[in-house]
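Protein chains in written order, with the working numbering: chain A, 167 to 503; chain B, 24 to 344.
Everything labelled a hint here was simulated from the structure, so no lab data went into it.
Small disclaimer: the values here were computed from a predicted structure and weren't measured.
Any given hint might turn out to be false.
[Said to hold, decoys possible] One-sided and incomplete, this derived list gives chain A residues near chain B with beta-carbon spacing under 8 Å:
(1) I199
(2) G303
(3) F307
(4) M313
(5) A316
(6) V320
(7) I382
(8) A476
(9) F477
(10) G483
(11) V491
(12) I492
[Said to hold, decoys possible] Far from chain B, some chain A residues (derived; all Cβ distances over 12 Å):
(13) P305
(14) A309
(15) L366
(16) I487
(17) T488
Glycine included, each C-beta is placed from N, C-alpha and C at the ideal position.
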Amino acid sequence: MNDRANDRTSSRLRQRLPFTLSDAGILIWIAAIGLFLSLASPQFFAKANFVNILSQSAVIGILSVGMTLVIISGNDGIDLSVGSIVGISSVTMALVLFPDDAAGIVGAADLLLAAGIALAVGALCGVINGIMIAYVGLPPFIATLAMMTAARGVAAFVSSGRPTYGLPPAIVFLGQGRLFGIPFPVVIMVMLALAVFVVLRVTTFGMRIYAIGGNIRTAFLSGIQVKKIQLAIYTLNGLIAGIAAIVLSGRVNQAHPEAGMTYEMYTIGAVVIGGTSLMGGKGGVIGSVFGAILMAEVQNGINLLDIPVAFMRPILGILIITAVVIDQWQKRRNSGD
Amino acid sequence: MHMNLQITAVRKISRMLGIWLWVIVFSLLFSLLSPYYLSFLNFVNIAKQTSIFGIMAIGMTLVIITGGIDLSVGSIVSFSSAVFGVVWASTQNTLLSIGAALAVGLLFGLLNGYLVGYVKLPPFIATFGTMGICAGFAFALTTDSIGGFTSRFETLGNGTFLRLPVPLFVLIAVALIMHYLLKHTVLGLRIYAVGGSEAAAVLSGVNQSRIKLLVYAVNGLLASLAAVIICARIRSAYPGIGDGFELTVIASTVIGGTVMSGGYGKIAFAVGGAFFVAMIQNIFNLLGIYPFMQNIILGVFIVAAVLASKMQEKKSTAAGI
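Isolated chain A, as found in the complex (with noise of 0.2 Å):
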């Protein structure tokens, strides 16, 4: 009984921070690694460097926050779909643009016509993803595989599994633009995180998406309409993938059918390093983000040090085992057996 006040008191102070633990445990992991890297090359440690890191860590980051919101809601959420859609956003959109299969000038309305599209064509998927798994009763594995592998299939064929290259200077602007010097991914990336984050800790959706998490019967119980919630954690989702593809496109300067391609494993990864469990109920959108930029933080050491790029996912497949167990190991001494 003891330990469980203890526990809510610390859960009480820890929601008053603005940062968890396991938050400020990913800071000290990133400036170690940091640090080593400075040590091992001259280039690391650079005002362009870091720019470059944050930039390369952006659509993941973004990718992230959605996630985190479906891992959080627990009873083995998972959304294996986004990189698909990521893909099939991007060559809707570059259909939009250029309907004649050639580029030319765009107007400002068709630009936003373009955009809004792919961010509809998301949060489409989201919706038939949160539909199958609230209303339907699909393992959210099972359902969003099958949408990964269909909206793939999709966005091949609207595009003819053909590229589109040379993108409007507006979307451009939004991958490889800078506002005060900083990349404008990285921009999109912080702002949507800061909103999530706010929406997790103050609104009551945010408490419900834990609540459903922690115990989804006792959610239910207490009056929550489980279902609704999970519909919109999912459409959410795919909304922030839309979002994603947007940001890739312009950074790619195209609008690519594979675009996304395996995206939805370093995005679930960038979540578990970050510190949210898998179990639900628990963990945070800044800790995602910074799961993603030590992920690009490890991808710029392997450059730097030239390391051959196939150890790029070995460190990483170590680094998310490790993370996960250090968790383990720290819930195993709180609660001290």
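With chain A fixed as given, assemble chain B onto it according to the hints.
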């Protein structure tokens, strides 16, 4: 009354046949779409494809029965394949190469099983990690395709026996062994028990850590067996060959009716699931439909299969079975 009896009989048969019923129904349908579909030669084609994913689906079924998942099998295929090629290139010894490839699968299967069973990591995380490790190691070892194997070894992938493809016999052997293990041994009962209710399994004295270690090890071993057959079939070892296989294998397993939450699954149906997926790919190729349409249809079938098994589950509980 008489009607009722008939309906129960139909239901019983459909439950007994499971996915194979749909294999038959769709085969008839496909034969109308393409006259070539129901030919012996085409069956051999489908069977070849089925053998590889069927062997892997059997392993995945064991894992999913225990309530787990294994995302690393595709990467284990890649790494085993790379090791096979490299060992062959330096020793020209077929048996040694096969042994080394199988050892890779067993080793990473054991690692998965240790992480899930003893370290108690969520299976998704543990196998997600080893997936990255194996995929990277495969390319770190070699970036080239390696070929020039003996023709005797290549029979393992391309040869025929009694006019049937050799890998089909490997699949049948693996299926029979695993079916016996699941249905007729205490170990099999325990595997189901771990997935059905972990708490009950623990209370009745089942060492669930050891069961999980074993199940993931077998799954890794079967993935590397599939890798060896692939090397023989395409006559080369390529470090990226297994990329994305895990999803096809999981789809096959689920289409075969294995329930993701564990406790239920059948070897024969897993093979049926793999056959069904191969069949769909085959008819699309025959009809010359774009490969990306296959993706859309496959997605639809995954959802349909899980819905069907959910409905059956509901009926069974309603009937008190």
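Any CB of chain B closer than 8 Å to the CB of A/G303?
holds, 7 Å
Does the CB of A/F307 sit less than 8 Å away from some CB of chain B?
With Cβ-Cβ at 6 Å, under 8 Å, it holds.
Given A/G483 as an interface hint, is its Cβ closer than 8 Å to any Cβ of chain B?
holds, 3 Å
Is the interface hint satisfied for A/F477? The criterion is a beta-carbon contact with chain B at less than 8 Å.
Since chain B brings a Cβ to about 6 Å from A/F477, closer than 8 Å, the hint holds.
Is the shortest C-beta separation between A/I492 and chain B less than 8 Å?
The hint is violated - A/I492 has no Cβ within 8 Å of chain B, the shortest such distance being about 11 Å.
Please check whether the beta-carbon of A/P305 is more than 12 Å away from every beta-carbon in chain B.
violated, 5 Å
For A/A309, is the shortest beta carbon distance to chain B beyond 12 Å?
violated, 7 Å
Any CB of chain B closer than 8 Å to the CB of A/M313?
Constraint on A/M313 satisfied, holds at 7 Å.
The output says A/I487 does not contact chain B. Does that hold with a beta carbon cutoff of 12 Å?
violated, 4 Å
A cut-off of 12 Å on Cβ-Cβ distance, and A/T488 was said to be off the interface with chain B. Does that hold?
violated, 9 Å
Would the hint on A/I199 be counted as holding, given a Cβ-Cβ threshold of 8 Å to chain B?
violated, 17 Å
Does the claim that A/L366 lies outside the interface with chain B hold up, using a Cβ gap greater than 12 Å?
holds, 22 Å
This entry does not satisfy hints 1, 7, 12, 13, 14, 16, 17, going by the numbered hints stated previously.
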